[in-house]
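**Q** Kindly generate the complete structure, drawing on both the sequences and the hints.
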Amino acid sequence: MRALIVDDSRAMRRIVGRILEDVGYDVVEAADGQQAIERLEEMDEPLQLACVDWNMPVMDGLTFITEVRKRPEWRAITLMMVTTESEQDRIVRALAAGAHEYLIKPFTGEAMLEKLDLLGLLPTSTGS
Amino acid sequence: MTISSAPDEALVLAAIEQVWGSMLFASAAPWPADRPAEFETGLQAQIELRGDWNGRLVLTCDSVVAGQIAGAMLGLGPEEQLDQPDVHDAVGEVLNVVGGSVKGALPGTSALGLPGVREVTAVPARDESFVVSWGDAPVYVQIVPDAA
Amino acid sequence: MTISPHAFTFVRELVRAESAIVLETGKEYLVESRLVPLARAAGHPSVDAYVADLSTRRTPAALKQVVEALTTNETSWFRDSDPFTALRQSVFPALAKTRPNRTLRVWAAACSSGQEPYSIVMTALDTPELAGWRVELLATDLSEEMLDRARTGEYSQLEVNRGLPATTMVRHFERAGLNWRINRSIRERVEFRQLNLTRPFPPMGRFDVVFLRNVLIYFDLPTKRDVLKRVRQVMAPDGHLFLGAAEMTMGVDDAWERVPAGRSSVYRIREDLKMEGSSCVL
Numbered sequence: 009m010r011a012l013i014v015d016d017s018r019a020m021r022r023i024v025g026r027i028l029e030d031v032g033y034d035v036v037e038a039a040d041g042q043q044a045i046e047r048l049e050e051m052d053e054p055l056q057l058a059c060v061d062w063n064m065p066v067m068d069g070l071t072f073i074t075e076v077r078k079r080p081e082w083r084a085i086t087l088m089m090v091t092t093e094s095e096q097d098r099i100v101r102a103l104a105a106g107a108h109e110y111l112i113k114p115f116t117g118e119a120m121l122e123k124l125d126l127l128g129l130l131p132t133s134t135g136s
Numbered sequence: 205m206t207i208s209s210a211p212d213e214a215l216v217l218a219a220i221e222q223v224w225g226s227m228l229f230a231s232a233a234p235w236p237a238d239r240p241a242e243f244e245t246g247l248q249a250q251i252e253l254r255g256d257w258n259g260r261l262v263l264t265c266d267s268v269v270a271g272q273i274a275g276a277m278l279g280l281g282p283e284e285q286l287d288q289p290d291v292h293d294a295v296g297e298v299l300n301v302v303g304g305s306v307k308g309a310l311p312g313t314s315a316l317g318l319p320g321v322r323e324v325t326a327v328p329a330r331d332e333s334f335v336v337s338w339g340d341a342p343v344y345v346q347i348v349p350d351a352a
Numbered sequence: 008m009t010i011s012p013h014a015f016t017f018v019r020e021l022v023r024a025e026s027a028i029v030l031e032t033g034k035e036y037l038v039e040s041r042l043v044p045l046a047r048a049a050g051h052p053s054v055d056a057y058v059a060d061l062s063t064r065r066t067p068a069a070l071k072q073v074v075e076a077l078t079t080n081e082t083s084w085f086r087d088s089d090p091f092t093a094l095r096q097s098v099f100p101a102l103a104k105t106r107p108n109r110t111l112r113v114w115a116a117a118c119s120s121g122q123e124p125y126s127i128v129m130t131a132l133d134t135p136e137l138a139g140w141r142v143e144l145l146a147t148d149l150s151e152e153m154l155d156r157a158r159t160g161e162y163s164q165l166e167v168n169r170g171l172p173a174t175t176m177v178r179h180f181e182r183a184g185l186n187w188r189i190n191r192s193i194r195e196r197v198e199f200r201q202l203n204l205t206r207p208f209p210p211m212g213r214f215d216v217v218f219l220r221n222v223l224i225y226f227d228l229p230t231k232r233d234v235l236k237r238v239r240q241v242m243a244p245d246g247h248l249f250l251g252a253a254e255m256t257m258g259v260d261d262a263w264e265r266v267p268a269g270r271s272s273v274y275r276i277r278e279d280l281k282m283e284g285s286s287c288v289l
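Chains as they are written, first to last, in this note's numbering: chain A, 9 to 136; chain B, 205 to 352; chain C, 8 to 289.
These are calculated hints, taken from the structure and not from any lab test. In this text, a Cβ means the ideal position worked out from N, Cα and C, and glycines have one as well. Mixed in with the good hints, there may be bad ones.
With the C-beta cut set under 10 Å, the calculated list includes, among others, these residues of chain A facing chain C [as the list claims (entries may be wrong)]:
1. Val31
2. Val35
3. Met89
4. Glu95
5. Asp97
6. Leu103
7. Tyr110
The following label-pair restraints were derived from C-beta to C-beta distances [what the hints assert, rightly or not]:
8. Met255/C / Leu127/A: 43 to 53 Å
9. Glu136/C / Gly339/B: 47 to 57 Å
10. Arg330/B / Thr63/C: 29 to 39 Å
11. Ser231/B / Pro100/C: 21 to 31 Å
12. Gly259/B / Asp227/C: 56 to 66 Å
13. Gly312/B / Met211/C: 39 to 49 Å
14. Ala48/C / Gly259/B: 45 to 55 Å
15. Thr63/C / Asp34/A: 31 to 41 Å
16. Gln96/A / Ser267/B: 35 to 45 Å
Reference excerpt, derived from the structure (chain B facing chain C, CB under 10 Å, subset only) [claimed, not checked]:
17. Gln222
18. Leu278
19. Gly317
20. Leu318
21. Gly320
**A** Structural data, given as structure tokens:
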């Protein structure tokens, strides 16, 4: 299983990365939406999950999600917003743009694993 | 909690408590008004809110405290040291999450800027800020509306 | 030896973040005693060493173990999502065929801070077979404090992050300052009442579905047997009982049979005993 973490904060990428690696993901990082698209284009193997921050320089997370949804070859990627944006209408906008789940910062590791479980993306070997 | 368009101290303090508790595994409490809260060189993070209320949240703390906050966020042991960009990034992200929580609690829709972090050599005035605890150290918090 | 203030603070904040339960100062002994087995199992000489290691590594599975060791309450929405899937896909549709009065009664017998009964109401709303039905929820707990919290229907950001699908959250919750509040239309469907499961039940009618999850594990065998027997007496003969994933009736009260329901299982009153159950008139 492979996951892409898109967040402009290195610390946040490290936190999310550790949670995902702990349950068996290989993790790829990007610091903004544009870089994330480049990472995806470089890949020859499929990627299961992208955890995406909203507010980022260059290209924000909502634009990134919209871009990913335009590309049929990336249809299998599950998109989860991981952001401090927490108004109801923001969540609705992200879901409408194509996000599958939405995790609000601050979150705990347990909450992230439960979201993965909802998405059917928690590797079964570790259980929940 | 009263719903007004400007963030007040109670709201910001509650957001900080939530972030301290869940991301840093530490507790935050108001700092006694008569207790000294000085330090020499520190780090200041700020983030803008744009909407019904326009202004910024500013967080100022001692450089050692900033290192501890970053270490707690990343789960580092006491011996592990982070370099300056990593400390700036982590403290900025902590304030980003506080700012997002505060923004979400305000009526209407507003936008959040990206956090900015810099070194400072003076602490904010006590009457223009409130102080919360990080362990045994003070952290200054300011709610600064744009000049009219 | 007692736990250091530093380690206690870490554990207190961890438990508070994950469960909204506050371990007051003075609960050091509790933390120490519950964590000693975990520390030993992980090969650490002391609870302090174990907590120090935990705070560095933050392994979610290990953190979860600590929280579970220190809390006895349900904290997640749709906890162990399987029972709720079973409810929507098989239990509710089956009951919908046999209730001409279009009314269902559900009892959440240890509702804690309310996530379970509210999750049941949201599940009923997502069941097409129950469109236009009246679904009544009775939610009980031993703790008045938990019931007061549950009645407000207000949850912190951290709590709504736990197992609640984003689509469900935007549909059924609204912001209340830093918190989120479940919509009035859902709150109004749940009646909260204090109840001690180990004492005789007050009159409360008959239930089509009972959730009794992760409670029996805290009782001794005679008490478990007694509780299960009295639950039978308040259940419709064709009712469904949900227990926790690690719990079973076998060897406790053999009047139940385990029936598969989706990826989980439910308990039904055995066919040959239904008359006994339904003839129990007080």
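**Q** None of the hints should be skipped; say for each whether it holds.
**A** Hint check results:
no. : hint                            : result
1   : Val31                           : 8 Å, holds
2   : Val35                           : 15 Å, violated
3   : Met89                           : 8 Å, holds
4   : Glu95                           : 7 Å, holds
5   : Asp97                           : 9 Å, holds
6   : Leu103                          : 6 Å, holds
7   : Tyr110                          : 4 Å, holds
8   : Met255/C / Leu127/A: 43 to 53 Å : 30 Å, violated
9   : Glu136/C / Gly339/B: 47 to 57 Å : 55 Å, holds
10  : Arg330/B / Thr63/C: 29 to 39 Å  : 36 Å, holds
11  : Ser231/B / Pro100/C: 21 to 31 Å : 48 Å, violated
12  : Gly259/B / Asp227/C: 56 to 66 Å : 60 Å, holds
13  : Gly312/B / Met211/C: 39 to 49 Å : 45 Å, holds
14  : Ala48/C / Gly259/B: 45 to 55 Å  : 51 Å, holds
15  : Thr63/C / Asp34/A: 31 to 41 Å   : 23 Å, violated
16  : Gln96/A / Ser267/B: 35 to 45 Å  : 39 Å, holds
17  : Gln222                          : 7 Å, holds
18  : Leu278                          : 9 Å, holds
19  : Gly317                          : 20 Å, violated
20  : Leu318                          : 21 Å, violated
21  : Gly320                          : 24 Å, violated
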